[in-house]
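Protein chains: 2
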Amino acid sequence: MATEPIEENPAADKSGFAKSVVVVNTGDGKGKSTSAFGVMIRGVARGWNVAVLQFIKSGEWNVGEEKIGEQLGVEWFNEGEGFTWDSDNIDHDKALAQRGWDRAAALIAAGEHELIILDELTYLINWGWIEAEPVYEAIRSRPEKVNLVITGRDAPQGLLDVADTVSEVRKIKHAFDSGILAKKGIDY
Amino acid sequence: MATEPIEENPAADKSGFAKSVVVVNTGDGKGKSTSAFGVMIRGVARGWNVAVLQFIKSGEWNVGEEKIGEQLGVEWFNEGEGFTWDSDNIDHDKALAQRGWDRAAALIAAGEHELIILDELTYLINWGWIEAEPVYEAIRSRPEKVNLVITGRDAPQGLLDVADTVSEVRKIKHAFDSGILAKKGIDY
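From first to last, the protein sequence lines are chains X and D. Heads up: the first sequence at position 106 corresponds to 106 in the numbering used here, and the numbers run straight through without jumps. Convert by adding 1000 to the 1-based position in the second sequence; the result is the number in the numbering used here.
Chain X extracted, bound-state conformation (with noise of 0.2 Å):
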């Protein structure tokens, strides 16, 4: 057990206490969003430099979610902005969505922020519009100081494998199966 998290975590000391962590909220019920904003909020009470992307516009986030962040002092990548959603322009996507990925890796890399939100990133890797192993290695060799937060359904065994936290939401009921709209203030 004594040396587990050196080898499971990187980041985490011979203590076991991390200095940073992976969390990774999949799956298909609602909340994995809505739980990364919550993370991003807590953060920004502790002190944090805090970034967040979104890779798909139109998730659980919107903009009342963008503006408090905002208003926090977060700093805020909208990078699904221009898909196209067409498969005439399947090309443009996934150049917009390489430019997205890229952003994420260099702020990564940077090491300047204690918490970046990945939201809705497992998509990108699905899709294959970017590559996945590069994701993986931005992950494990971060700054130690980088908590990571990645949301999005079906994450992917090799960004499992990378991830010190896995909370899957499943959908057990919806208000939408019943009919019922989206309600402001609670789903966006």
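Simulated from the structure, these hints should not be mistaken for laboratory data. Treat each hint with caution, since some may be false.
[Stated by the list, open to error] Straight-line distance between alpha carbons at most 30 Å, and here's what the computed DSS-like set of lysine-lysine pairs gives:
#1 X:Lys67 x D:Lys1094
#2 D:Lys1094 x X:Lys57
#3 X:Lys57 x D:Lys1173
#4 X:Lys19 x D:Lys1145
#5 D:Lys1145 x X:Lys173
#6 X:Lys171 x D:Lys1171
#7 D:Lys1145 x D:Lys1019
#8 D:Lys1173 x X:Lys173
#9 X:Lys145 x D:Lys1171
#10 D:Lys1171 x X:Lys19
#11 D:Lys1019 x X:Lys145
#12 D:Lys1019 x X:Lys67
#13 D:Lys1145 x X:Lys171
#14 X:Lys57 x D:Lys1057
#15 D:Lys1067 x X:Lys94
#16 D:Lys1057 x X:Lys19
#17 X:Lys67 x X:Lys94
#18 D:Lys1067 x X:Lys19
Given chain X, work out where chain D should sit, using these hints.
The following block gives chain D in isolation, referenced to the frame of chain X:
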């Protein structure tokens, strides 16, 4: 389909717009209360009156969240504070639990809050410290503007039945398992 929202949720009008919803975050994974905390911030950002009742001390929330909440004008009640966790004192703890639930029921019925978070309420029901049926009835008969977020493991079926949205957070992997200690700013 047309009448389902009305049957499922007494707060939904005929067009399917719910005046309020009941969200349950259950399961053994991390993120149930963190997600509730995210919803709390959203509610505050919308100018809602928000109350948080914590039924068990030492969940995922801590003094940091309480401090942020109170700065934002959230009413905060630590109902689990006086628990002895001593089998010789079970009646004392049960009485405290009942008092906590009574306060929750009064707040719900008063209809002065757009959002009330009942953190770790499920345990009180599961341990038999409070009666289940009055809880479900208080939820069903709440004033139409009162949104509820309820967290805790093993949400009982009766609670799932009165909920609009249920997410189960499953633990896939947790840093604690590999010997990494809780990380300030992420876990608490």
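Query raised in the report: Tell me, which hint numbers fail for this structure?
Result: Going through the list in order, the structure violates hints 1, 2, 4, 11, 14 and 15 and respects the others.
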